[in-house]
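Turn these sequences into a full structure, and let the hints steer you where they fit.
Below are the chains, spelled out letter by letter.
There are 2 protein chains.
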Amino acid sequence: MRKGEVTKQHIINKSAELFNQKGYAGCSISEIMDATGLKKGGIYRFFSSKDEIALESFAYAVEMVGEHFTRAMEGNKTAIEKIISLFDVYADVVHHPPLRGGCPLLNTAVESDDTHPFLREQALAAMNGFLATIQSILSEGIENKELRPDIDRTSLASFIFANLEGSIMASKLEGDNQHVAFGKEHLFTYLRTLRIQN
Amino acid sequence: MRKGEVTKQHIINKSAELFNQKGYAGCSISEIMDATGLKKGGIYRFFSSKDEIALESFAYAVEMVGEHFTRAMEGNKTAIEKIISLFDVYADVVHHPPLRGGCPLLNTAVESDDTHPFLREQALAAMNGFLATIQSILSEGIENKELRPDIDRTSLASFIFANLEGSIMASKLEGDNQHVAFGKEHLFTYLRTLRIQN
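Protein sequence lines correspond, in order, to chains H and A. FYI, my numbering numbers position 2 of the first sequence as 2, with every residue one higher than the one before it. FYI, my numbering numbers position 52 of the second sequence as 52, with every residue one higher than the one before it.
The hints are simulated quantities; they were obtained by calculation from the structure and are not laboratory data. Just to be clear, a hint being listed does not mean it is correct.
Since the list gives no way to pick out one identical chain from another, each pair is judged satisfied if it fits inside one copy or across any two copies.
Under the rule of at most 20 Å between Cα atoms (straight-line distance), these lysine to aspartate or glutamate pairs were calculated in the EDC-like manner [claimed, not checked]: (1) LYS22 with ASP51; (2) LYS8 with ASP150; (3) LYS39 with GLU17; (4) LYS8 with GLU52; (5) LYS14 with ASP114; (6) LYS22 with ASP114; (7) LYS22 with GLU143; (8) LYS50 with GLU5; (9) LYS22 with GLU67; (10) LYS8 with GLU63; (11) LYS14 with ASP51.
Listed below in structure tokens is the structure:
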């Protein structure tokens, strides 16, 4: 990487953390300057606006968390194990989330849905990508005769996703990882009722 | 109500809607002035700070949504029916949520968890109140021999709550009520596996 690219990535990394904790509206350019140790000109050399920093930071956050999900699923053979392992990425959301501040998709979705169309669109694309991943794991499970063929993959993927995000929200709010653990446990019990062999 | 109380309630109603759509950080006093038609002095006659408006608006929002939940449960006899009816409050979250902007608990939790200790505390109290309500419905279901006595009420209430909030988040983001409907459907199927008579 050239020096300019290193600096740009440094701004993105720090901004992603800041935005994920304080929100886009709650985070100013001067806070990004503090966090990066750069002057305003040093930041605007790479980005034309705060919105552009927000978009690139969110794209980075989604990619980074996506890699955590991919790694968590590795080594798991059944569809149910793969899906359940997604919860492990946020097992310690209180102290060690993949990105400080919790789930960037949850945070960005809730902040942007009524107010920031450009961010909302990116958050929606990220959600649809995640839903498609879950759906394809379910398809695999059906093909492998692990899961019942009459499962509605669209609605089940939505249910799995909602569980994960809702439990992250509750654990972050309480400062206690128990809700993510509860979500994992009940979802596991439910998914087992959808196996061909119960 | 005296005229002063009417004005104060008017500020709270409008601020609750604004905060629920734009967030606390994303909403300025001048927007509250615009929405209420009041001057700054007319607002600060009743509140000492924006934080105080935020706290009172959130308390109002939680109470108002709580009334919707209570009404939704009325007329339902079984614990499962009562729990499932909670989803009806947000069945049309895209166009007609109880409060514009979606679920105030979700919005406030996600915004405040890392940054606003005073709001976070109130959001946590609201979540715990809601969890306690769900737990007591489950207890009723166990006493009435509808639900299995070995159910862990704490973890099941958390799972139900996470589902509702996560599905609201997804529906709001996509602008499509389907996720709340999916959540309701799968939760209903799961809860039926926890009945004494399957």
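Quick rundown of the hints versus the structure:
1. LYS22 with ASP51: Classified as both: same-chain Cα gap 15 Å, cross-chain 16 Å, threshold 20 Å.
2. LYS8 with ASP150: Neither: 48 Å inside a chain and 55 Å across chains, both beyond 20 Å.
3. LYS39 with GLU17: The answer is within: 18 Å in one copy meets 20 Å, while 37 Å across copies does not.
4. LYS8 with GLU52: So LYS8 and GLU52 pass the 20 Å test inside one copy only (12 Å; across, 39 Å).
5. LYS14 with ASP114: Between. Shortest inter-copy distance 16 Å satisfies the 20 Å Cα cut-off; intra-copy 25 Å does not.
6. LYS22 with ASP114: both (17 Å within a copy, 7 Å between copies)
7. LYS22 with GLU143: So LYS22 and GLU143 fail the 20 Å test inside a copy (43 Å) and across (44 Å) alike.
8. LYS50 with GLU5: within (18 Å within a copy, 41 Å between copies)
9. LYS22 with GLU67: neither (23 Å within a copy, 31 Å between copies)
10. LYS8 with GLU63: So LYS8 and GLU63 pass the 20 Å test inside one copy only (16 Å; across, 46 Å).
11. LYS14 with ASP51: within (15 Å within a copy, 28 Å between copies)
The structure is inconsistent with the numbered hints 2, 7 and 9, although it conforms to all the rest.
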